[in-house]
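This is what each chain is made of:
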Amino acid sequence: MAPRAQPVVGRSGALAGAAVVGLVVLSFVGLGMRAEVGRGLGPAEWAAIRFTVVQAALSAVLSVVFAIPLARALARRRFAGRGILITLLGAPFILPVIVAVLGLLTVFGRNGWLNTVLEAAGLPGVSIYGIHGVVLAHVFFNLPLATRLLLQGWQSIPAERFRLAAQLDLPPATLRRTLEYPLLVQIVPGAAALIFVICLTSFAVALTLGGGPRATTIELAIYQAFRFDFDLARASLLSLVQLALAGSAALIALWIIPNFPLTAGLDRVQQRWDVRGGVQRAGDVAMIALGSGFLLLPLLAITLAGLRGLPQMPPGVWLTAGNSLWVAVLSIAVLLLIALPMAAWIATRRAGGAEAIGLIGLSASPLMIGTGWFILINPIADPVALALPVTALINALMGLPFALRILVPQMRETLQSYHRLATTLGLRGWSAWRWLVLPRLRPQIGFAAGLTGALSVGDLGVIALFADPERATLPLQMYRLMGAYRLEAAAGAALLLVAMALALFWTCDRLGRRDAEA
Amino acid sequence: MIILSLRPLQTKGTIMRRTLLATTLLMAGPALAETPVLTVYAGDYFTSEWGPGPRIEEGFEAICDCDLQFSTGDLLPRLMLEGARTKADVVIGLTSDVTARARATGLFAPHGQDNGALTLPIDWTDDTFLPFNYGHTAFIYNETLMDTPPASFDALLAMPDDIKIVIQDPRTSISGLALLLWVDAVYGEDAGAVWEQLAPKILTVTKDWSSSYGMFTDGEVDMVLSYTTSPAYHMFAEDDFTKKAAIFPEGHYFMTETVAKLSRTEVPELADAFLAYVLSEDFQRMIPTANWSLPSALPEQDWPEGWSDLPLPEAVLFYDEDEAEARKAEAIETWRRALSQ
Numbered sequence: 000m001a002p003r004a005q006p007v008v009g010r011s012g013a014l015a016g017a018a019v020v021g022l023v024v025l026s027f028v029g030l031g032m033r034a035e036v037g038r039g040l041g042p043a044e045w046a047a048i049r050f051t052v053v054q055a056a057l058s059a060v061l062s063v064v065f066a067i068p069l070a071r072a073l074a075r076r077r078f079a080g081r082g083i084l085i086t087l088l089g090a091p092f093i094l095p096v097i098v099a100v101l102g103l104l105t106v107f108g109r110n111g112w113l114n115t116v117l118e119a120a121g122l123p124g125v126s127i128y129g130i131h132g133v134v135l136a137h138v139f140f141n142l143p144l145a146t147r148l149l150l151q152g153w154q155s156i157p158a159e160r161f162r163l164a165a166q167l168d169l170p171p172a173t174l175r176r177t178l179e180y181p182l183l184v185q186i187v188p189g190a191a192a193l194i195f196v197i198c199l200t201s202f203a204v205a206l207t208l209g210g211g212p213r214a215t216t217i218e219l220a221i222y223q224a225f226r227f228d229f230d231l232a233r234a235s236l237l238s239l240v241q242l243a244l245a246g247s248a249a250l251i252a253l254w255i256i257p258n259f260p261l262t263a264g265l266d267r268v269q270q271r272w273d274v275r276g277g278v279q280r281a282g283d284v285a286m287i288a289l290g291s292g293f294l295l296l297p298l299l300a301i302t303l304a305g306l307r308g309l310p311q312m313p314p315g316v317w318l319t320a321g322n323s324l325w326v327a328v329l330s331i332a333v334l335l336l337i338a339l340p341m342a343a344w345i346a347t348r349r350a351g352g353a354e355a356i357g358l359i360g361l362s363a364s365p366l367m368i369g370t371g372w373f374i375l376i377n378p379i380a381d382p383v384a385l386a387l388p389v390t391a392l393i394n395a396l397m398g399l400p401f402a403l404r405i406l407v408p409q410m411r412e413t414l415q416s417y418h419r420l421a422t423t424l425g426l427r428g429w430s431a432w433r434w435l436v437l438p439r440l441r442p443q444i445g446f447a448a449g450l451t452g453a454l455s456v457g458d459l460g461v462i463a464l465f466a467d468p469e470r471a472t473l474p475l476q477m478y479r480l481m482g483a484y485r486l487e488a489a490a491g492a493a494l495l496l497v498a499m500a501l502a503l504f505w506t507c508d509r510l511g512r513r514d515a516e517a
Numbered sequence: 000m001i002i003l004s005l006r007p008l009q010t011k012g013t014i015m016r017r018t019l020l021a022t023t024l025l026m027a028g029p030a031l032a033e034t035p036v037l038t039v040y041a042g043d044y045f046t047s048e049w050g051p052g053p054r055i056e057e058g059f060e061a062i063c064d065c066d067l068q069f070s071t072g073d074l075l076p077r078l079m080l081e082g083a084r085t086k087a088d089v090v091i092g093l094t095s096d097v098t099a100r101a102r103a104t105g106l107f108a109p110h111g112q113d114n115g116a117l118t119l120p121i122d123w124t125d126d127t128f129l130p131f132n133y134g135h136t137a138f139i140y141n142e143t144l145m146d147t148p149p150a151s152f153d154a155l156l157a158m159p160d161d162i163k164i165v166i167q168d169p170r171t172s173i174s175g176l177a178l179l180l181w182v183d184a185v186y187g188e189d190a191g192a193v194w195e196q197l198a199p200k201i202l203t204v205t206k207d208w209s210s211s212y213g214m215f216t217d218g219e220v221d222m223v224l225s226y227t228t229s230p231a232y233h234m235f236a237e238d239d240f241t242k243k244a245a246i247f248p249e250g251h252y253f254m255t256e257t258v259a260k261l262s263r264t265e266v267p268e269l270a271d272a273f274l275a276y277v278l279s280e281d282f283q284r285m286i287p288t289a290n291w292s293l294p295s296a297l298p299e300q301d302w303p304e305g306w307s308d309l310p311l312p313e314a315v316l317f318y319d320e321d322e323a324e325a326r327k328a329e330a331i332e333t334w335r336r337a338l339s340q
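Chains as they are written, first to last, in numbering that gives the first Met the number 0: chain Z, 0 to 517; chain E, 0 to 340.
Because the hints were derived from the structure by calculation, they are not lab data. Each residue gets a CB set at the ideal place from its N, CA and C atoms; glycine is no exception. One or more of the hints may lead you astray.
[Said to hold, decoys possible] Facing chain E, a subset of chain Z residues (Cβ under 8 Å, in silico):
hint, residue
1, Asn110
2, Arg509
3, Arg512
[Stated by the list, open to error] Partial selection, computed: residues in chain E whose CB lies under 8 Å from chain Z:
hint, residue
4, Glu81
5, Met145
6, Asp168
7, Ile201
8, Thr205
9, Ser209
10, Glu219
11, Trp291
12, Thr333
13, Arg335
Whenever a hint applies, use it, and build me the whole structure from the sequences.
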């Protein structure tokens, strides 16, 4: 069934995959060079591992469960401002942790908006602190990602199928079974695995909203081992545990995803004759309203606090914003160089297991990779001089699993549907990329680039370990302001950061969808 | 478009600076080329516009005929990773909790200054790490929102459980660790029971001081673990006199940040001059408002106006580095167990 002759060969992709593995393995070699035999894993660490897995699994399942109706509603409704809303709904995913936590507390905290409303209505208040708070925060962060991945899937269903379904007058249940379930089976496992891995590496959010040391995650234990005990052996060991957990989740998910042939349609705009009923419309409207409320209210809190802080922002913030932008652009470039060939390589293989490689950068803890590279670079060059490029490279690694999840399905569809035509026309190598792959994957490339750029802008990354005053990034500057009691100015910087990340995301996403349907 | 124009501009700046520098060097001959550089590693907050860094640089360069360059980052991990290859001549900002570990690296030389010049509330005899500021752990409250703040640590424990406080995690934050040593110094063997009493009042634990303090100023908690000097920021920078530190007669845990000289420095005289500058009146007078902490070598009558009115504890508790190091692991385990129930 697998096509024999492929217009794009996997060699460069395999090479990129090997480079990613190499980057991470080398960082552990670096760590190994400096690690002394430390204390192994104690009961505290095991408790952390258990808690981490439980909260990550819950967060992943709930994020996807809520994302399904939200994405479906967004996919089948057209309304004014839909494009902007979809972009805005993506914002929580790129928020720096500390900003998001304060935003969530403004809404759901002890004296937050929700409790104020409940009190006014004479109802008992709710406490956000506990594992439910951790899960709530993680759903807040990751619902946007799951929604976007699903929405992308929904929009990739050829419009002809909905037309055919309408002509045959299929009842909703049949339509769900024949069109939507196959789609969900394709997307849900991968999205859930990805969110599981993100939540696996959560640290400050889990601790703060979990209400204390009960909510200790592996990443916190890594940080403690590294920063407080300087026990590189234990830190590396914990990092490997995290890697193993992430790897197993990814392999299970990719194994579940069935590999059945997909066929492209004629790229008409989807028309949904099947969802014109009033009940369905009301359901969709309610879902969009609920989802938007949950995702946008904390964002509104962040915006309000930020607007108050903007006038107090020191001029140095703008310089760091420039640094952040340049790091983001660099990480997008690096990401595309790695992700595109890798996606092609994965898409030409029958099984998708190789995609798990993309996750190792994210799950091995950026702190540890950064430290490993610091150790390796230090004897040869000044790591501080390379702080920004190294940060960009590591940010690209962090973005890789998202990019692959976005690119691979469409890449597979493109290669499966067009390889005969491409072979007939003699399209191979670069010309296949130029005339077939890049044009057909343009929306996905834009989305992946935007996501990576936005993540890179918002991420503190490894730069905190070593940075010259002039090489600070915007998130680092924000933390510095907070450290100097300038909380209002920091809120202003946070707003600037969110705006910048969103603008970058929107620009890339837009470039990808230009001359496509809105 | 903006994206594209940014980097070239910066590069051009660097090139221009370099060309300018090269031309200047060529014209001025060896005199300028030899302007010595003193590399000072500092904590992250140090070099922001409101941190003490820029003013220290200005003050020292005015007397040293040198170029002081700050390099910021995560101090101790960075030093330990760099080891003997470190470029630092001087390190500023190592807290008293990590000096034992820093000393063990063998990278530091005696500071050579007279500890007798210090005006700390405790006796300081360390010949390697020289304090440049100090403060104490304290719980901060807003007096307009809290009528009867606790007058002692015992009173804090006895407060109703609907009073909520936020603290920092001792495993990730220096101030969080200081709180544990504070409880240990006051209550010793009973620390476990104390934590169980405090647990229902602890709304949550944050990774770092900033998040905790943000939760306090946002009104999410009644009290926050911070420093006795925190109200000073609100008083002198914001004209806000509502934030107070609850002063406990049992005593408060002492914290200090130090400066130290690397033994491998290639500019030892400059490093010595910098250490002497740290004890100078110019530096010490700047510390309160630039660092929001108390100066280590300045009599109280010379503090900036209003600072001697700041309520400070009579009794000061402090473990020297060996004792702190010895008690740390057990204190953290006691804390973790009590709060995990």
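Evaluated hints:
1. At about 5 Å, the closest approach between the beta carbon of Asn110 of chain Z and any beta carbon in chain E falls short of 8 Å, and the interface hint on this residue holds.
2. At about 13 Å, the closest approach between the beta carbon of Arg509 of chain Z and any beta carbon in chain E exceeds 8 Å, and the interface hint on this residue is violated.
3. The criterion of a C-beta within 8 Å of any C-beta in chain E is not met by Arg512 of chain Z, whose closest approach is roughly 18 Å, and the hint is violated.
4. Against a cut-off of 8 Å between C-beta atoms, the interface hint on Glu81 of chain E holds, since the closest Cβ of chain Z lies about 6 Å away.
5. The interface hint given for Met145 of chain E is violated, since its Cβ lies 14 Å from the closest Cβ of chain Z, which is over the 8 Å cut-off.
6. Hint status for Asp168 of chain E: holds, given a least beta-carbon distance of 6 Å to chain Z, under 8 Å.
7. Here the hint on Ile201 of chain E is kept, as its CB sits about 6 Å from the closest CB of chain Z, short of 8 Å.
8. The beta carbon of Thr205 of chain E comes within 5 Å of a beta carbon in chain Z, closer than 8 Å, and the hint placing it at the interface holds.
9. Annotation: interface hint on Ser209 of chain E holds; nearest CB of chain Z at approximately 4 Å, less than 8 Å.
10. The interface hint given for Glu219 of chain E is met, as the beta carbon of that residue sits about 5 Å from the closest beta carbon of chain Z, less than 8 Å.
11. A cut of 8 Å between beta carbons decides the hint on Trp291 of chain E: the least distance to chain Z is about 6 Å, and the hint holds.
12. Proximity of Thr333 of chain E to chain Z is violated relative to the hint, the smallest CB-CB distance being about 11 Å (cut-off 8 Å).
13. Checking Arg335 of chain E against chain Z: minimum C-beta separation of about 5 Å stays under 8 Å; hint holds.
Violated hints for the displayed structure, listed by number in ascending order: 2, 3, 5 and 12.
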